[in-house]
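Q: Given next are the chains, with one letter for each unit.
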Amino acid sequence: MTDQALHPDAPADAALHGDPAKMQISDEVAIRIAGMNKWYGSFHVLRDIDLTVHRGERIVICGPSGSGKSTLIRCINRLEEHQSGDIIVDGTELNSDLKNVDKIRSEVGMCFQHFNLFPHLTILENCTLAPIWVRKTPRKEAEETAMHFLRKVKIPEQADKYPGQLSGGQQQRVAIARSLCMRPRIMLFDEPTSALDPEMIKEVLDTMIELAEEGMTMLCVTHEMGFAQAVANRVIFMDQGQIVEQNEPHEFFRNPRSERTKLFLSQILGH
Amino acid sequence: MSDVHAQTVPFVRKSMLPEAEPPARQRGVPLWLRENLFSGWFNTILTILGAAAAIWLVASILPWMLRGVWNADSLRECRDIVIERYGEGVTGACWAMIRERWPQYIFGMYPQDIFWRPTLAFVLLLVAIAPVLYLSLPRKLLIFSALYPALAYWLLWGGTIWLPVMVLVGFALGWGALRLVLPRFGAIVATAVAVLVPVLWWGLLAGDAAQDLQGLVPLALRPVGSAAFGGFLLSFVLGVTGVSLSLPLGLLLSLGRRSDLPLIHYLCVGFIEFIRGVPLITLLFTASLLLNYFLPPNSDFDIILRVIIMVTLFAAAYIAEVIRGALAALPRGQYEAADALGLDYWKAQRLIILPQALKISIPGIVSTFIGLFKDTTLVVFIGLRDPLKGVTDMIRQTTAWKGIYWEPYIFVGALFFVICFSMSRYAMYLERKLERGH
Ligand SMILES: Nc1ncnc2c1ncn2[C@@H]1O[C@H](COP(=O)(O)OP(=O)(O)OP(=O)(O)O)[C@@H](O)[C@H]1O
Ligand SMILES: [Mg+2]
Numbered sequence: 001m002t003d004q005a006l007h008p009d010a011p012a013d014a015a016l017h018g019d020p021a022k023m024q025i026s027d028e029v030a031i032r033i034a035g036m037n038k039w040y041g042s043f044h045v046l047r048d049i050d051l052t053v054h055r056g057e058r059i060v061i062c063g064p065s066g067s068g069k070s071t072l073i074r075c076i077n078r079l080e081e082h083q084s085g086d087i088i089v090d091g092t093e094l095n096s097d098l099k100n101v102d103k104i105r106s107e108v109g110m111c112f113q114h115f116n117l118f119p120h121l122t123i124l125e126n127c128t129l130a131p132i133w134v135r136k137t138p139r140k141e142a143e144e145t146a147m148h149f150l151r152k153v154k155i156p157e158q159a160d161k162y163p164g165q166l167s168g169g170q171q172q173r174v175a176i177a178r179s180l181c182m183r184p185r186i187m188l189f190d191e192p193t194s195a196l197d198p199e200m201i202k203e204v205l206d207t208m209i210e211l212a213e214e215g216m217t218m219l220c221v222t223h224e225m226g227f228a229q230a231v232a233n234r235v236i237f238m239d240q241g242q243i244v245e246q247n248e249p250h251e252f253f254r255n256p257r258s259e260r261t262k263l264f265l266s267q268i269l270g271h
Numbered sequence: 001m002s003d004v005h006a007q008t009v010p011f012v013r014k015s016m017l018p019e020a021e022p023p024a025r026q027r028g029v030p031l032w033l034r035e036n037l038f039s040g041w042f043n044t045i046l047t048i049l050g051a052a053a054a055i056w057l058v059a060s061i062l063p064w065m066l067r068g069v070w071n072a073d074s075l076r077e078c079r080d081i082v083i084e085r086y087g088e089g090v091t092g093a094c095w096a097m098i099r100e101r102w103p104q105y106i107f108g109m110y111p112q113d114i115f116w117r118p119t120l121a122f123v124l125l126l127v128a129i130a131p132v133l134y135l136s137l138p139r140k141l142l143i144f145s146a147l148y149p150a151l152a153y154w155l156l157w158g159g160t161i162w163l164p165v166m167v168l169v170g171f172a173l174g175w176g177a178l179r180l181v182l183p184r185f186g187a188i189v190a191t192a193v194a195v196l197v198p199v200l201w202w203g204l205l206a207g208d209a210a211q212d213l214q215g216l217v218p219l220a221l222r223p224v225g226s227a228a229f230g231g232f233l234l235s236f237v238l239g240v241t242g243v244s245l246s247l248p249l250g251l252l253l254s255l256g257r258r259s260d261l262p263l264i265h266y267l268c269v270g271f272i273e274f275i276r277g278v279p280l281i282t283l284l285f286t287a288s289l290l291l292n293y294f295l296p297p298n299s300d301f302d303i304i305l306r307v308i309i310m311v312t313l314f315a316a317a318y319i320a321e322v323i324r325g326a327l328a329a330l331p332r333g334q335y336e337a338a339d340a341l342g343l344d345y346w347k348a349q350r351l352i353i354l355p356q357a358l359k360i361s362i363p364g365i366v367s368t369f370i371g372l373f374k375d376t377t378l379v380v381f382i383g384l385r386d387p388l389k390g391v392t393d394m395i396r397q398t399t400a401w402k403g404i405y406w407e408p409y410i411f412v413g414a415l416f417f418v419i420c421f422s423m424s425r426y427a428m429y430l431e432r433k434l435e436r437g438h
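As given, the protein sequences belong to chains A and B, one line each in that order. So the first sequence is residues 1 to 271, counted in the UniProt record's numbering. So the second sequence is residues 1 to 438, counted in the UniProt record's numbering.
Wrong hints could be hidden among the right ones.
Claimed, not checked - In silico lysine-lysine, DSSO-like type, Cα no more than 30 Å apart, as pairs:
#	chain 1	residue 1	chain 2	residue 2
1	B	K389	A	K140
2	B	K347	A	K99
3	A	K136	B	K359
4	A	K202	A	K152
5	A	K136	B	K140
6	A	K140	B	K347
7	A	K140	B	K374
8	B	K389	B	K402
9	B	K359	B	K433
10	A	K161	B	K433
11	B	K347	A	K161
12	B	K374	B	K347
13	A	K140	A	K154
14	B	K347	B	K433
15	B	K140	B	K359
16	B	K389	B	K374
17	A	K152	B	K347
18	A	K103	A	K140
19	A	K202	A	K154
20	A	K99	A	K161
21	A	K161	B	K402
22	A	K154	A	K99
23	B	K347	A	K103
24	A	K152	A	K140
25	A	K154	A	K136
26	A	K202	A	K262
27	B	K359	A	K140
28	B	K347	A	K136
29	A	K161	B	K140
Worth flagging that the hints you see were computed from the coordinates, not collected in a lab. Predicted model, so just to flag it, every value in this text is computed and none were measured.
Based on the provided sequences and hints, a complete structural model is requested.
A: What follows is the structure in structure tokens.
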């Protein structure tokens, strides 16, 4: 991470050119989480989470390690199961009904910290697999869509390589393209840049900013504060499984209200 | 060229260095020798001892083999020839026995005039497994591979062709039922129907249908009983069937063992641990003796089929554990990415998990296959004529070859080695081919 990207007072990195104000948010609710709790055994990871995300909103979630950020967004596509409360995604309630789970998973894209590309498939096959097998898209059409999104993330020339032959940044962009090929309405990101070298972080963030500008609904766990400043409508701070503070980014960084937030911000921005 | 003060004073390189050869002592044979054989006093001693042992071994066996006699009618004649040639007290191999009796090592007691049938079955086997082994061959060839078992059965055992055809029809019926029921009633009902329909067909109708068709269009080969099978023919029948059935079964067992459903999980664990806990011999005795108590009296349940079942179950349990290890080694992220993309359990397994897990397990699976192939010699204990002891004993019982000892073992051992070594080389080829650069 560069100092500049970290420091909220510095003018946003030249690459982070987004302007939150010009991106539209509708009244339509994309995700509603109400009174949600989750335990791992007897460990209460998520406590009484209430969160409503509108269509087109871009939310950055931050907080200390172990605060439950990953768990929260993994509950949204049921990689983790919650034990009480409601999660409603795109009007479909997440419950034990597998049909609902499958429906939500095909509407919600997700990018992981370690990319999780399929190493035995080429980049193109990584991107066409789900459209062909889940959406039943004809192969030809799926390949065209895949190439479209690979061009968008600026690596169409790598289509026939295997993930092992790409750099981390390229792999993460493939992972984004792979999700986009399913034409998701919501994208979840779990620390997409924290396994990357500084010069690769920028290329991934650029891709994400572009996505944000197109009005994608995004929930993003990240410590890239420059990115938060540039594109987020809202920054959520979590600690000990709870939402401690949320605010629009400018206010969040300038005037954090809770002591925990202040401490956290001073730690990650301090040096 | 490099500046003495490169570390202390500002330095800019003006010209790049060309690539140079390493010094003579650092490359080629001398380097290899020094690094691998004489890298220290301990290693040097080992090298010398090893070389001495190898030389001694070759020196004591090779002359015996080279003095061997190829043309003789009995062991006695062999010995006389050796003595005549090399003098009193000298011994030599008697390869004449192999020259005379090799058909029995290959075909057992299979009738001599129809050796062409197992031979043809073997050649077709090569055609059938080629597209399975080499992914670059056209996929259409797999149709032949799917039909091959029925064809091979007919060639080997003979009888009417309509029986294997009716068995194939059973599979087709099952497939049809699956396609028909799946979209309407879901996976569980469809699987049940797809299993039930062919079983009913085989149990109730297939036999009669085959007979009727034989009446209409007679097309039959001379039947050969399982008792006539022996030698490498028997090993191949057991080995090839065992290998091709145990892989899918082992795969299902390994998935079952990782299942969240307690019933399936414990069934698989119980099965795997039971099979791995008993020696193969026990299973073979069960196949030959105990099963008779459970089967209806006089039911003619082929001994080779019984052995195939046992050998398959045995290998499947081991393969299940090999694959389970590979499944556990796959990063959790692979499962999560598959889930996040909306792939259901079976699609995720088939497209993401198993291709990777199987690739990791190739060495283990092939070891199991090699073990299985060699274990087919154990059928001698239930009265079948395996190549190693079954056929050899049979030949030793004749007056001509009474007392012959090493030659048959060397011959059979060499054949086993060639086959098993090819399997292991193929595995290495496959591993290299599936390498994806990490
Ligand atoms: N499968 C699990 N079983 C038990 N505890 C778990 C499990 N996964 C996570 N936890 C615990 O839950 C808590 C929250 O984990 P989570 O991964 O959501 O944190 P995080 O905020 O994403 O942290 P980080 O910034 O390190 O990624 C942690 O204390 C973690 O140890
Ligand atoms: Mg996390």
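Q: Look at each hint and say if it fits the structure.
A: Outcome of the hint check:
| no. | hint | verdict |
| --- | --- | --- |
| 1 | K389/B - K140/A | 59 Å, violated |
| 2 | K347/B - K99/A | 15 Å, holds |
| 3 | K136/A - K359/B | 27 Å, holds |
| 4 | K202/A - K152/A | 15 Å, holds |
| 5 | K136/A - K140/B | 23 Å, holds |
| 6 | K140/A - K347/B | 20 Å, holds |
| 7 | K140/A - K374/B | 48 Å, violated |
| 8 | K389/B - K402/B | 14 Å, holds |
| 9 | K359/B - K433/B | 10 Å, holds |
| 10 | K161/A - K433/B | 15 Å, holds |
| 11 | K347/B - K161/A | 23 Å, holds |
| 12 | K374/B - K347/B | 35 Å, violated |
| 13 | K140/A - K154/A | 21 Å, holds |
| 14 | K347/B - K433/B | 24 Å, holds |
| 15 | K140/B - K359/B | 23 Å, holds |
| 16 | K389/B - K374/B | 12 Å, holds |
| 17 | K152/A - K347/B | 28 Å, holds |
| 18 | K103/A - K140/A | 24 Å, holds |
| 19 | K202/A - K154/A | 13 Å, holds |
| 20 | K99/A - K161/A | 34 Å, violated |
| 21 | K161/A - K402/B | 64 Å, violated |
| 22 | K154/A - K99/A | 35 Å, violated |
| 23 | K347/B - K103/A | 16 Å, holds |
| 24 | K152/A - K140/A | 19 Å, holds |
| 25 | K154/A - K136/A | 26 Å, holds |
| 26 | K202/A - K262/A | 26 Å, holds |
| 27 | K359/B - K140/A | 28 Å, holds |
| 28 | K347/B - K136/A | 13 Å, holds |
| 29 | K161/A - K140/B | 27 Å, holds |
When held up to the earlier numbered hints, the structure conflicts with 1, 7, 12, 20, 21, 22 and fits the remainder.
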